Each structure stands twice: as structure tokens, then as C-alpha cells.
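Here the protein sequences come in this chain order: A and X.
Sequential numbering of the first sequence, starting at 1, is according to the working numbering.
Sequential numbering of the second sequence, starting at 1001, is according to the working numbering.
Worth double-checking, as some hints may not be accurate.
[Unchecked claim] If you want the footprint, here are the derived chain A segments under chain X, 3+ residues with CB under 8 Å: (1) 35-43; (2) 222-230.
[Claimed, not checked] Straight line, CA to CA, 27 Å or less: simulated DSSO-like cross-link-like pairs of lysine-lysine: (3) X/Lys1163 x X/Lys1049; (4) A/Lys288 x X/Lys1063; (5) A/Lys24 x A/Lys293; (6) A/Lys343 x A/Lys275; (7) X/Lys1055 x A/Lys343; (8) A/Lys343 x X/Lys1063; (9) A/Lys75 x X/Lys1063; (10) A/Lys73 x X/Lys1049; (11) A/Lys128 x X/Lys1133; (12) X/Lys1163 x A/Lys293; (13) A/Lys293 x X/Lys1133.
Read the hints as simulated data drawn from the structure, not as lab findings.
All figures in this text were calculated on a predicted structure; none of them were measured in a lab.
Note that the Cβ used here is the ideal one computed from N, Cα and C, for glycine as well.
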Amino acid sequence: MTGLSELYFNIDSGYLEGLVRGFKGGILKQNDYLNLVQCETLDDLKLHLQSTDYGNFLANEPSPLTVSVIDDKLKEKLVVEFQHIRNHAVEPLSTFLDYITYSYMIDNIILLITGTLHSRPITELIPKCHPLGSFEEMEAIHIAGTPAELYNAVLVDTPLAPFFVDCISEQDLDEMNIEIIRNTLYKAYLEDFHVYCSELGGATAEVMCEILAFEADRRAFIITINSFGTELTKDDRAKLYPRCGKLHPDGLAALARADEYEQVRAVAEFYAEYKQLFDGAGNNPGDKTLEDKFFEHEVKLNVNAFMQQFHFGVFYSYVKLKEQEVRNIVWIAECVAQRHRAKIDSYIPIL
Amino acid sequence: MSGKDRIAVFPSRMAQTTMKSRLAGAQKGHSLLKKKADALTLRFRAILKKIIETKVLMGEVMKEAAFSAAQAKFVIGDFNHVVLQNVTKAQTKVRSKKDNVAGVTLPVFEHYGDGSDSYELAGLARGGQQVSKIKKNYAKAVELLVELASLQTSFITLDEVIKITNRRVNAIEYVIIPRIERTLQYIITELDEREREEFFRLKKVQGKKKAIKAIAEIKRLELKALGVDVDNPADMLKDTHEDEDLLF
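Could you put the whole structure together from the sequences, leaning on the hints where they help?
Structure follows, in C-alpha cells:
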């Protein structure tokens, strides 16, 4: 019952929700972005960032600043905040937060598998992993030579094991293209997360299921569009569609049959929100791309998550919004550094 | 310049003809080398112009490619390591061919694609369009780079060869030919001098012969005056002196 859960929420998670809302208050506003866009050099950018929540995070960097340094530092701040929240969390919030890290874990595992397959030393690979997605068995990856060995020896102990079990068999691991493995894992992860959120019930389920449904549908659309002209068959493609979105089952079946962009658009016509997104998108210069529209919609959903209280969705939304902010700042920094100001306004405004 | 000397040769008519033919050979060689140097310089300038064009184009292409990399990063996140870890073998390779310009072999590089695109499915779930754009941009950049590399190697090689050829042309023009000419000059002067000496000698000898003849004539006249028959030569048969037998 929603009433009761709201009453008991603050006992375990009140401090953390307050913390997250405080962090959310520090997300850059339109004003800040306008200031950043006016910068001529990266040092100007650093100066402007000092007056925001980021403070002096770049203070100890030697000049000249590079975009990759700014990128790393921005990510570091997010990681520190997330880990603080995670350390203070108890069940069920801690499992929820773990689910958030699984997507980074999937990327890390794919990176480690590819690296091990091509015999790169493990010490080279570990620093390239996303810090939010680290798990204990990471150091042990190098003992395996093939993906199948890797699975049996190492991955079976990680929290991602169930995702492997559901959809990939041992032979598949060896034969499949690494991107297909990545997308299959992600599909299993999304569906599992969706189920977990529905079980949590209440406002969390409301907010999270909507966000995850959109994520699933977005992946289905993008995979379809990007697989035109590649060696990915329609059946393989259909296996990559997460089933927890609004498109399941009819939309997904239609997408699986699609051969070109117009057909995908036709499928989107049946769903009001997606029709809107496809309408404005195009590949002409000056148009927003479809991906941009998807990003905007995602940001909108995430901001709306903060409208309700006493649910876990705020944590997920905060992480996603912060990531988008990091992407925006890095984009502006790149445009400034490369002196290519034509598209500097193509960042996604958040608040 | 150490060309003040001439070739050490014994001045004779044959040496003169030899020197003349050498001079002709040197002049022919000079004109041929000059032609070669001119052809190479022409090609050199053409390459220089092309290099400037290509470099300017390269600047733009790289800028475009870096920007598309930034765009891809915006959509996908950090995909550097995905690309790096998936590298197995080269997809674009370079072949070198030889091109001949006025006798100089220049290496020419051409690129060719080998094998299928191993990054076909990269960015499948996010940013596939950006990935294909950045693939195209960087492929173009690589092509331009290969062309630029081939132009620059030919530039350097040609430069070397032009320097060498010009050095040779100048050497022939300012050292060899003057030396041969000087030698020829020397031979001619020596021959002339010898002729003059010969002439002088002959004249002297003639003079001396004349003097001896004059003295002999005077003697003859004296003898004639004494009654000795000097007009007819002595008759050996008349002479009845018994010569002693020669015994060895």
C-alpha cells in the first residue's frame, strides 16, 4: 500500500533521498550552460565551473588543460557521490543501487573479454573500466583464454551470472560477435531490473517502470535502425529487443520485420509519445537527430521522477541526469577546444 | 677553386684530338644532365604544389574527423577502449609502387582495404549513425595521410637527386670543361711553340749549312786556284796506290 510505504520510507532512506535531492539541486541550469557556451578557452570553462557545484575540482590539474582530464574529473565526482550513497544504503535500496551499477559492469566485462581475447595484459585493461562497474573478480579475468573459460571460471560468481545463463550458452560466447553479447546481456539486465522494480511496488514501480520501458523501446528502435545494412539477421535482431517496454509484443514483431527507416517510423506512429519523437528528427543539418530526441525524452522522464517523493527512482534519475550533464560539459569543452562553435548548442538542456 | 691546373698530358697531336673528343663528350653530358635536372625540377614543383594543397585539405579533414569523434563521444560515451581492444589486424593497408621520373625511381604509396569491417556492429544500441560517420571521416583522413606520405617521400627523394644532378652539372660546367679547355690550350700552345722552335732550328741549321757551304766554296776556289782539279770528283780507278791487305 502506497500510504504505508511512504510512512516507513524515511526510516531507512530519508537521509539518502535528502542527499540526492541536494545533489540534484546542484545540477547545472540553463544559465550555467549559457556561461559555458561563451567560453573561448578551456581555462575559461574551468573558471565558470568553479562557481557551480563542481567547485575547485580542477584546481590541482597542471595546465594546459585537456578535455580528457576534464572528462575524468567530472566522472570522478559522480563516482564519489554514488559510492557514498551506496555505502549508506540498506536493503532494498542497496539492491536497487546495485542494479544501477550492473549496466556499467556489463560494459566492463565486455571490455575485459575483448581485451583478454586479444591477449592484452590485465593491468592495461583495469584502469579503462568504469569505476561504478567494478566487481571483485575483475582481477581474475586474465586466467581465462576463451570467453567460455572466462564464464566458467569468473563470471559465474559475479552478480551478472543470471544474465548470461538466461540467454547465452557456452558455445555462443565463443562464436558471437562481442557487440551481440553486450546487447544480449543488456536486454537480460533491463528485463530483470524491470521485474525487480515492479516487485518493489508503489511509487518506485510507477516511476522506474516507465523509465525502463522507454529505455527498452529506445534500444529496440536504435538497434533496428543501426542494423540496416549490416550482417545482423532479422532473427538475431529480434533476440536483442528487451521485452519490458510498450512495444512488446506487437511493436517488437513489427520492428523485427522492418527493412528500412520508413517502416520503423510507421511502427512508431502507433504509439503517441514515440510518434512525436520521430516527427522532429531527421538527418539534415539543423535538424535534431533521432538520438538527440531520445536523449531529451529520457531527460524529461528523469526530471519528472523528482516530482514524487519516497521512492527509489530519484537515485536512478540522479545518476542518469548527472551523466547527461557530464556529456554536455564534455561536448561544450570539445567544441571550445577544437574551435568548432557551429554545433556548440547541441547539448541537451536538463533544467 | 682548385681548377687552375690542367690535365697532365704529353702535348702531341694525338693528345689534342683526344682532348677535343673529351671536350665534346663533356659538353654533351652537360646538356643531357641539364635536361634531366630541368625535368626533375619541374616535377618537384608540381609535387610541392600538390603537397601544399593536400596539407590544407588534411587540416580540414582532421578537424572534421575530430569533431565527429566528439559528437560520437557525446552520444555513446567513451568508446576509445572499445575500438582499441577490438583491433585484430589492419583494415586499410598500404602498397608501395615505383614510379619513374627522368630516370629516378620514386616510391608511391597507395592504400587498399583488406578484410571486412570488424566494427560493423559497434554502437549498435547507441550512436550507430555517429559511429558510421566517424568511420567514414577517419577513413578519408587515412587516405589523405597515405597520399601525403607518398608525396612527401617523393619530395625528399627528388630533392636529393636534384641536388646531386645540379652538383654534377655545375662540376662539369665549371671544373671539367674549363680544365679540358685549358689542357687543349696548353697543348696548342706547346705545339705552336714546338713548331716555332722547329722553324727556328731549321733556320739555324740552314744558316749553318750556308756558312759551311760558303767556307767549302772558298776552299774549293783556293784549291782550284792551286790547280787541283776540284770540279770532277776523284776517280778511284786511277788511284793506283796499293792498299795493304787487311788481315784480321
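Taking the hints in turn, this is what the structure says about them:
With 0 residues carrying a beta carbon less than 8 Å from a beta carbon of chain X, the region 35-43 of chain A misses the three-residue requirement, and the given coverage is violated. With 6 residues having a Cβ less than 8 Å from any Cβ of chain X, the region 222-230 of chain A passes the three-residue criterion, so the hint holds. The straight-line distance between the Cα atoms of X/Lys1163 and X/Lys1049 is roughly 19 Å, inside the 27 Å bound, and the hint therefore holds. Distance check on the hinted pair: A/Lys288 and X/Lys1063 sit about 22 Å apart at the alpha-carbon level, within 27 Å; holds.
Among the hinted pairs, A/Lys24 with A/Lys293 is consistent with the structure: their alpha-carbon atoms are about 22 Å apart, no more than 27 Å. Taking the CA atoms of A/Lys343 and A/Lys275, the gap is about 26 Å. The hint holds against a cut of 27 Å. Taking the CA atoms of X/Lys1055 and A/Lys343, the gap is about 25 Å. The hint holds against a cut of 27 Å. Between the alpha carbons of A/Lys343 and X/Lys1063 the distance comes to roughly 14 Å, so the proposed pair stays at or under 27 Å and holds.
The straight-line distance between the Cα atoms of A/Lys75 and X/Lys1063 is roughly 26 Å, inside the 27 Å bound, and the hint therefore holds. Restraint check: the Cα-Cα separation between A/Lys73 and X/Lys1049 comes to about 45 Å, which exceeds 27 Å; the hinted pair is violated. At roughly 25 Å between alpha-carbon atoms, A/Lys128 and X/Lys1133 fall within 27 Å of each other, so this suggested pair holds. With a C-alpha separation of about 62 Å, the suggested pairing of X/Lys1163 with A/Lys293 is violated against the 27 Å cut-off.
Between A/Lys293 and X/Lys1133 the alpha-carbon distance is near 19 Å, which keeps this suggested pair within the 27 Å criterion.
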